[in-house]
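S.K.: The primary structure of each chain is shown beneath.
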Amino acid sequence: MRSLGRYLLIRTLLTIPMIFVLVTLVFIILRVMPGDPVKSSIRPGAPQEYINEIRHTLGLDKPLYVQYGDYLWDLLHLDLGTTLSPVRGQSVAKQIWEHFPATLELALAGMLVTAIVGVGLGAYAAHHRRSLADYSLRLYAIVIYAIPVFWLGLMFQLVFGVWLKIFPVAGRISSLAVAPKHITGLYTVDSLLTGNWAAFKDSMMHLALPALTLGLYLSGVFVRLTRSNMLQVLKMDFVTAARARGIPERTVVYRHALKNALIPIITMMGLQFALLLAGAVLTESTFSWPGLGRFLVERITYRDFPSIQGAVVVFALLVASVSLLVDILYALIDPRIRY
Amino acid sequence: MSKTKKPREEPTSVLGRLLRGAYWYGAEWYWTVTGGILLVLIIAITILAPVLSPYDPTVTVGGPFERPGGGQVVLLAPKGSGITGLQKGLKVATFYNTTASIVAEKMHLTVRHYQVDKDLFAKVRAGEADAVLISARKAAEALKKNPDFVQVGKPFGPRFILGTDNLGRDILSRLIWGARAVLAVAILSALFSAAVGVPLGLLSGFFGGWFDRVLSLIMDSIYSFPGLILAIAVAAVLGTGVVNIAIAISVVYIPTYFRMTRSQVLSIKEELYVEAARALGAKRHEILGMYIFPNVISTLVVVFSLNVADAILTEAGLAFLGLGLQPPTPDWGFDLNKGKAYLPRGYWWPITFPGLMITLVALGFSLLGEGLGELLNPRLTEE
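If you read the sequences in order, they're chains A and B. Position 81, counted from 1, in the first sequence is what this note's numbering calls 79; the numbers after and before it change by one each time, with no gaps. Take any residue in the second sequence, note its place counting from 1, add 23, and you have its number in this note's numbering.
Take the hints with a grain of salt, since some may be wrong.
Stated by the list, open to error - If you only want the chain A side, here are some residues facing chain B, beta carbon under 7 Å, derived:
#  : residue
1  : Leu20
2  : Ala131
3  : Tyr133
4  : Ile145
5  : Trp149
6  : Leu152
7  : Phe154
8  : Leu275
9  : Ala276
10 : Leu280
11 : Val317
12 : Val320
Said to hold, decoys possible - With the C-beta cut set under 10 Å, the calculated list includes, among others, these residues of chain A facing chain B:
#  : residue
13 : Val19
14 : Val147
15 : Leu162
Derived from the structure by calculation, the hints contain no laboratory data. Nothing here was measured: the structure is a model prediction, and the numbers come from that model. Positions of the beta carbon are idealized from the N, C-alpha and C atoms, including for glycine.
Kindly produce the complete structure, drawing on both the sequences and the hints.
M.R.: What follows is the structure, given as structure tokens:
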């Protein structure tokens, strides 16, 4: 029985142990590992009663297995606890939900830049194999990966923001007054949906540099992937057949071959999602982009333990669900992928 | 489209292949060599840091944001004042918190400090000081405005080749000393990852079974997790310090070693010579240690080199987010973190050079790793 339904079911079930392991990993890092989250979260010299009280509210005074049980139980109910600082008692889940659209918008825009730049250049390199362009692009792939993404962002800020004054260097929008009505939370999409052109232009200008930074950072990996996939596809019989039929070389390479090389690239996009998220955290900090990554880093400086745990768990869930999503997409495209 | 190559004798050792040169291996050869040269330079800088660095990287040696190449000061005295040099008891007028004021204080001159918007020359004319001590860069313009002053002697004082940061520390010295911190953390973390990942991979691949399955699931999960975020979480709990940061980063890359070693073991253990060793009565640990492990080492070198490059970038990322080494240890990522705030005012040098260094070091390890990988596995060069 090899059916799509069966595949989807098994693949979804297989995500559960992965989520379980990831969530457990977060627990081990934050609670079991040496180092006290509360002690490091409180200014030295705080009274012992205060420390005890916080330990009690977080449940850190219970035995580890009880803590672990509570932790899993709360996660099952999507309860991420409440914040400690800067303001005490706010819902962590709600705060993460408010920061999520910004990260999503940046990630999608970055992915778009990567897809265009990476796949385009990779295909070009494969087409002109062993030419100067090919070697330069392979070198580009290595060099761009070695450039710290936040430094790339700083350099863009310097050149396009400070010197040329084309783009703003921080934030998602000039002021909240111009922000479009909240529909999806993605400013660019919302402003388009509401026909708010001023907001659209403004949010696009703010998005340009962060998206370019994140997109270029990832593009190296995709140049390599597209190139090697294309080289394999270009050796296949159908390409030779297409050439023999007299179809122009350009059409053969960029229509016939590229289309077939794209399938494994989609899977790789899923695997590179983790890299994208890591890059997003740094890009957000560089451009003061109010997303999840900046939320996490900001809460670390406030030493807000529940928020740190919540954000890391959400990142884990994101990775697991994207990898599931990509595999499903892959199965839909390629009928050979079945259990 | 591929041209058929004449079969030639393949040199078997990596060194042999490397010596075969660019003719045979093309671009990969240049990459390996470039990477190697970069690394030799970096290691030389690390070792020679006390000799190479012109100043103490943690101490204020000049005014804040001295431009690259700047730092030198000149003495401007009124015409006919008879001042011929920096004689004892000379009262000089300088701007507050500039290289000039710091130099004057270090030379134990009597110093009068003024705010930047004040006219130093007017103060000298009014008799509040004998001469003006000012940045050499501004001297020509100042003399044009104040023709009643002349330059006394040559420019002197420190010279900051790459400028100074917001605290007046020499950026070049910070770059040189920063190489130590970054390399120490990166190499230490790569060693930690290898020390955990390789043995686990060996055992997992060799014995298989439920142990292998559980371990693989755990490792694959860690592998799928965004490395930097994992390192952030660990660093947030462990706190700062070279060893703690190295541990935080090493957690991220354990799966890389595990997966590589495991897959190598899986293919090597089917080889004929392992079968032969087993038939001859070799014990399990002998097979693992003497027949399988040595064949993993060559791939291990490549992974290690690429891993150090990744670790450098992760360390820089952590430091940029404020989770790196504790100041005053010079750290490139941390310098970028500090310099970022001054970027909108156009101070480009405090952020340009540390980033460039991170890139160069990461690039060195990447190129070496990539190049060695291609030399070790010549089939890949055909792609």
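S.K.: For every hint, state whether the structure bears it out.
M.R.: Right, here's what the structure says about each hint:
no.	hint	verdict
1	Leu20	5 Å, holds
2	Ala131	12 Å, violated
3	Tyr133	5 Å, holds
4	Ile145	5 Å, holds
5	Trp149	3 Å, holds
6	Leu152	5 Å, holds
7	Phe154	11 Å, violated
8	Leu275	4 Å, holds
9	Ala276	4 Å, holds
10	Leu280	5 Å, holds
11	Val317	5 Å, holds
12	Val320	10 Å, violated
13	Val19	4 Å, holds
14	Val147	8 Å, holds
15	Leu162	12 Å, violated
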